[in-house]
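J.: Here's the letter readout for the chains.
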Amino acid sequence: MLKNILKRTYVYFILALFFIPMLVGAIYSFSKSGGRADMPISFSPSTDGWNQLSNNDDIAMGILNSVFLALFVSLLVVAISLLTVFGLWRQKNRASRAFVVSTSNIPLINPDVITAISLAFVFGAIMGTMSVNDTGYERLLLAQTTMILPFAITIMYPRSEKFKISLMEASKDLGYGSIKTWFKTYFRHMIPVALASFAIAYIMSLDDFIITRIVSKETTIGKLMYQGTLKPWVLALGTILMGITLASTAIFAVVIARREKRLRKVKR
Amino acid sequence: MEQTKSISKIVPTTFNKIKKLDWKSYFIPNKKMLLLIPYVVIAALFIVTPMVMLIVKASTPGDGFSQSDITSILKLPTTGQYIWQSVWLGVVAAFISLLLAFPFAYIVSRSRSKVFKLISIVLIISPLFVFTVAKVFAMKILLIKMYDDPLAVNNHTTMIIGMVYLYMPFMIVPLYSVLNQMPQSLLEASKDLGYSRLSTIFKVVFPYSLKAIFSGLAIVFMLSATSLVISGSLVGSGGTPSKPALTMIGTMIDQKAAGMRTDHLAAAQGSLLAIITIVVMSAVYCGVYLLPILIRKIRGGVNA
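Sequence order for the protein chains is A and B. So in the working numbering, spot 195 of the first sequence is number 195, and the numbers just go up one at a time. Here the working numbering runs 1000 ahead of the position in the second sequence, where the first position is 1.
Worth flagging that the hints you see were computed from the coordinates, not collected in a lab. There could be a bad hint or two in this list.
Dumping the calculated SDA-like pairs for lysine to any residue here, alpha-carbon to alpha-carbon at most 25 Å [as the list claims (entries may be wrong)]: (1) A:Lys261 <-> B:Ile1028; (2) B:Lys1114 <-> B:Thr1200; (3) A:Lys3 <-> B:Pro1183; (4) A:Lys180 <-> A:Pro192; (5) A:Lys217 <-> B:Ser1111; (6) A:Lys261 <-> B:Pro1077; (7) B:Lys1117 <-> A:Ser44; (8) A:Lys32 <-> B:Thr1200; (9) B:Lys1145 <-> A:Ser44; (10) A:Lys32 <-> B:Met1146; (11) A:Lys7 <-> B:Ile1201; (12) A:Lys164 <-> B:Pro1292; (13) B:Lys1032 <-> A:Ile203; (14) B:Lys1117 <-> A:Phe183; (15) B:Lys1032 <-> A:Lys7; (16) B:Lys1114 <-> A:Thr9; (17) A:Lys180 <-> B:Leu1035; (18) B:Lys1145 <-> A:Lys261; (19) B:Lys1114 <-> A:Tyr186; (20) A:Lys265 <-> B:Ala1258; (21) B:Lys1117 <-> A:Trp50; (22) B:Lys1117 <-> B:Thr1200; (23) A:Lys217 <-> B:Arg1261; (24) B:Lys1032 <-> A:Lys217; (25) A:Lys162 <-> B:Lys1075; (26) B:Lys1031 <-> A:Phe183; (27) B:Lys1032 <-> A:Phe187; (28) B:Lys1032 <-> A:Ala79; (29) B:Lys1075 <-> B:Trp1088.
Cβ pair distances, simulated, as ranges [stated by the list, open to error]: (30) A:Ile256 <-> B:Thr1262: 54 to 64 Å; (31) B:Ser1059 <-> A:Met61: 38 to 48 Å; (32) A:Ala253 <-> B:Ser1059: 29 to 39 Å; (33) A:Met61 <-> B:Pro1207: 27 to 37 Å; (34) A:Leu195 <-> B:Ala1258: 17 to 27 Å.
Examples of chain B residues lying across from chain A (beta carbon under 8 Å, computed) [stated by the list, open to error]: (35) Ala1043; (36) Val1115; (37) Leu1118; (38) Ile1121; (39) Phe1129; (40) Pro1183.
Built from N, CA and C at the ideal position, the CB exists for glycine as well.
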């Protein structure tokens, strides 16, 4: 019993290590900004950080830009990786599988900075020297998609390989066409991982500032956060995201706990 | 022989297909490969070509500067220092993450309560869904508070703390997924054979999760050593003229990349640095990744 408590204490201790800094950040989002310097050590109450989120046009623009960019990127990523993973499913041509696995490893292992500068070279060669007026939205979209795509493929591939062909055959025997069959069987099978990849792609795109800064002149929220020194509005934004994450965790926990309870009742 | 013939008569098509599969199918194109076209186009244009261009840029002098101008960046004492600093900080961060993450993953995966398991793992992953920069700033405030001096953050300890804080979940996830699938009977067998709890962990659990341990080490190392936020945001503005902010290789490449559009020399030097970083990091990465295989070979294939 005592051992169990000790074990759980360790788990809670590690979790606390992760959440204490974020809690401090949430508190300090209500402190005054230090101007050009870093934030002052002493806490001086102010709602500047939160006000800036709603009043500052640059920040609002950045958020709006990022929200839509992330949406496009993650839709593209999920669509392409679904096609790719399905193309690899029961693929007899081993060479194509080897190609996908080896090429997708490159952006996975390479640091983002290196991916970004190498992409900037290619864009420069394809689209000509980056002109002053062009903010480079397409470049950014392509670059982020390239960076995130391998992650989505790596997540989706194992589940796709587990899909059984008998399901598809049964659907076809029941008279569905191949496209309808694909949606009714394979797509349904892939929904959980597709959603997971969508969420991860969305967050990765929102969080990115390395590729954005090097590849384009577009203003995104990631770039604004990274520029300059410690700003309270960044902490405020982080707090909002943390709140959303914790709320979804709580909902998830309640759902799981209820299901467990029901299962236990059935077992009895 | 007789039997095979009769089978092939009954199911001629499948039998022939299997035969064909054995030797030729490696490169035979098929209709389903059309689905791979979008990926292949992206990979060819934006994954393979960029790597080639990186090498080309680093090795072709442009107008106004020569090859020795490009390589002059390597002669700077700071270059080697930054690379070395990135490597050792990354290695230390990876091992500290392992030390903290292993008990966590083990305890959580062995827990009988399914709710406790799921919530712990979800909670440890959930910080990954918060902006990296926001997390780094929050950490920075905490560290400044602890040192009671904004400039004191500029040291190696805070950098390692930041790395562990940002990247430890990437160690926990592979460890948990392997330990969670470890059969309980393995532990019971070890107990029956007279191992104590501690030696069970070292002689059974550790070898069982060796692959996950090393892949976790490799991931945390790569992320930490090439991180931009650690030297950029965590210690970034904490430097003074007498003690400049500690810099890592990622930041150095990033600084070169900032002037890349107009300054071709910076672009060439940046790509040279990038190539060297790739080589150094993958050498360490491969070392870490190949170590378990080596250990197994030396041990004489106990697990083989």
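J.: Each hint needs a verdict: does it hold in this structure or not?
T.: Now for the hints, and whether the structure bears them out:
Between Lys261 (chain A) and Ile1028 (chain B) the alpha-carbon distance is near 53 Å, which puts this suggested pair outside the 25 Å criterion. This hinted pair checks out: Lys1114 (chain B) and Thr1200 (chain B) have alpha carbons roughly 24 Å apart, not beyond 25 Å. For the hint pairing Lys3 (chain A) with Pro1183 (chain B), the CA-to-CA distance comes to about 21 Å; that is within 25 Å, so the pair holds. Our distance criterion of 25 Å between C-alpha atoms is met by Lys180 (chain A) and Pro192 (chain A), whose separation comes to about 19 Å.
Of the supplied pair hints, the one linking Lys217 (chain A) and Ser1111 (chain B) is violated, its CA atoms being roughly 49 Å apart against a limit of 25 Å. Between the alpha carbons of Lys261 (chain A) and Pro1077 (chain B) the distance comes to roughly 64 Å, so the proposed pair goes past 25 Å and is violated. Proposed proximity of Lys1117 (chain B) and Ser44 (chain A) is contradicted: the alpha carbons are some 40 Å apart, above 25 Å. Of the pairs offered as hints, the one joining Lys32 (chain A) and Thr1200 (chain B) is violated, with about 53 Å between alpha carbons and a cut-off of 25 Å exceeded.
Taking the CA atoms of Lys1145 (chain B) and Ser44 (chain A), the gap is near 14 Å; set against the 25 Å cutoff, the hint holds. Between Lys32 (chain A) and Met1146 (chain B) the alpha-carbon distance is near 19 Å, which keeps this suggested pair within the 25 Å criterion. At roughly 15 Å between alpha-carbon atoms, Lys7 (chain A) and Ile1201 (chain B) fall within 25 Å of each other, so this suggested pair holds. Simply put, Lys164 (chain A) and Pro1292 (chain B) have alpha-carbon atoms about 34 Å apart, too far for the 25 Å limit, and the pair is violated.
The hinted pair formed by Lys1032 (chain B) and Ile203 (chain A) fails the criterion: a straight-line CA distance of about 31 Å is larger than 25 Å. The hinted pair formed by Lys1117 (chain B) and Phe183 (chain A) fails the criterion: a straight-line CA distance of about 33 Å is larger than 25 Å. With a CA separation close to 51 Å, the supplied pair Lys1032 (chain B) and Lys7 (chain A) exceeds the 25 Å bound. With a C-alpha separation of about 17 Å, the suggested pairing of Lys1114 (chain B) with Thr9 (chain A) holds against the 25 Å cut-off.
Taking the CA atoms of Lys180 (chain A) and Leu1035 (chain B), the gap is near 17 Å; set against the 25 Å cutoff, the hint holds. Restraint check for Lys1145 (chain B) and Lys261 (chain A): the C-alpha separation of about 44 Å exceeds 25 Å, so the hint is violated. Of the pairs offered as hints, the one joining Lys1114 (chain B) and Tyr186 (chain A) is violated, with about 29 Å between alpha carbons and a cut-off of 25 Å exceeded. The straight-line distance between the Cα atoms of Lys265 (chain A) and Ala1258 (chain B) is roughly 62 Å, outside the 25 Å bound, and the hint therefore fails.
Note on Lys1117 (chain B) and Trp50 (chain A): the hinted pairing is violated, with a Cα-Cα distance of about 35 Å set against a maximum of 25 Å. Between Lys1117 (chain B) and Thr1200 (chain B) the CA atoms are separated by roughly 22 Å; this keeps the pair inside 25 Å, and the hint holds. The straight-line distance between the Cα atoms of Lys217 (chain A) and Arg1261 (chain B) is roughly 12 Å, inside the 25 Å bound, and the hint therefore holds. For the suggested pair Lys1032 (chain B) and Lys217 (chain A), the alpha carbons sit about 39 Å apart, so the restraint of at most 25 Å is broken.
Distance restraint check for Lys162 (chain A) and Lys1075 (chain B): the Cα-Cα separation of roughly 53 Å exceeds the 25 Å cut-off, and the hinted pair is therefore not satisfied. Annotation: proposed proximity of Lys1031 (chain B) to Phe183 (chain A) holds, straight-line Cα distance about 19 Å (limit 25 Å). A distance of roughly 16 Å separates the Cα atoms of Lys1032 (chain B) and Phe187 (chain A); the hinted pair therefore holds under the 25 Å criterion. Annotation: proposed proximity of Lys1032 (chain B) to Ala79 (chain A) holds, straight-line Cα distance about 16 Å (limit 25 Å).
Taking the CA atoms of Lys1075 (chain B) and Trp1088 (chain B), the gap is about 21 Å. The hint holds against a cut of 25 Å. Between Ile256 (chain A) and Thr1262 (chain B) the Cβ separation comes to about 55 Å, which falls inside the hinted range of 54 to 64 Å. Separated by about 41 Å at the C-beta atoms, Ser1059 (chain B) and Met61 (chain A) satisfy the suggested range of 38 to 48 Å. In this structure, Ala253 (chain A) and Ser1059 (chain B) break the distance hint of 29 to 39 Å, their C-beta atoms being roughly 55 Å apart.
In this structure the hint that Met61 (chain A) and Pro1207 (chain B) lie 27 to 37 Å apart at CB is violated, the actual value being about 54 Å. For Leu195 (chain A) and Ala1258 (chain B), the hinted distance range of 17 to 27 Å is not satisfied, since their beta carbons lie about 37 Å from each other. Restraint check, Ala1043 (chain B) versus chain A: the minimum CB separation of about 4 Å is within 8 Å; hint holds. Against a cut-off of 8 Å between C-beta atoms, the interface hint on Val1115 (chain B) holds, since the closest Cβ of chain A lies about 5 Å away.
The interface hint given for Leu1118 (chain B) is met, as the beta carbon of that residue sits about 5 Å from the closest beta carbon of chain A, less than 8 Å. Below 8 Å, beta-carbon pairs count as interface contacts, and Ile1121 (chain B) has none with chain A, the closest being about 10 Å; its hint is therefore violated. For Phe1129 (chain B), the shortest C-beta to C-beta distance to chain A is roughly 5 Å, which falls under 8 Å, so the interface hint holds. For Pro1183 (chain B), the shortest C-beta to C-beta distance to chain A is roughly 20 Å, which exceeds 8 Å, and the interface hint is violated.
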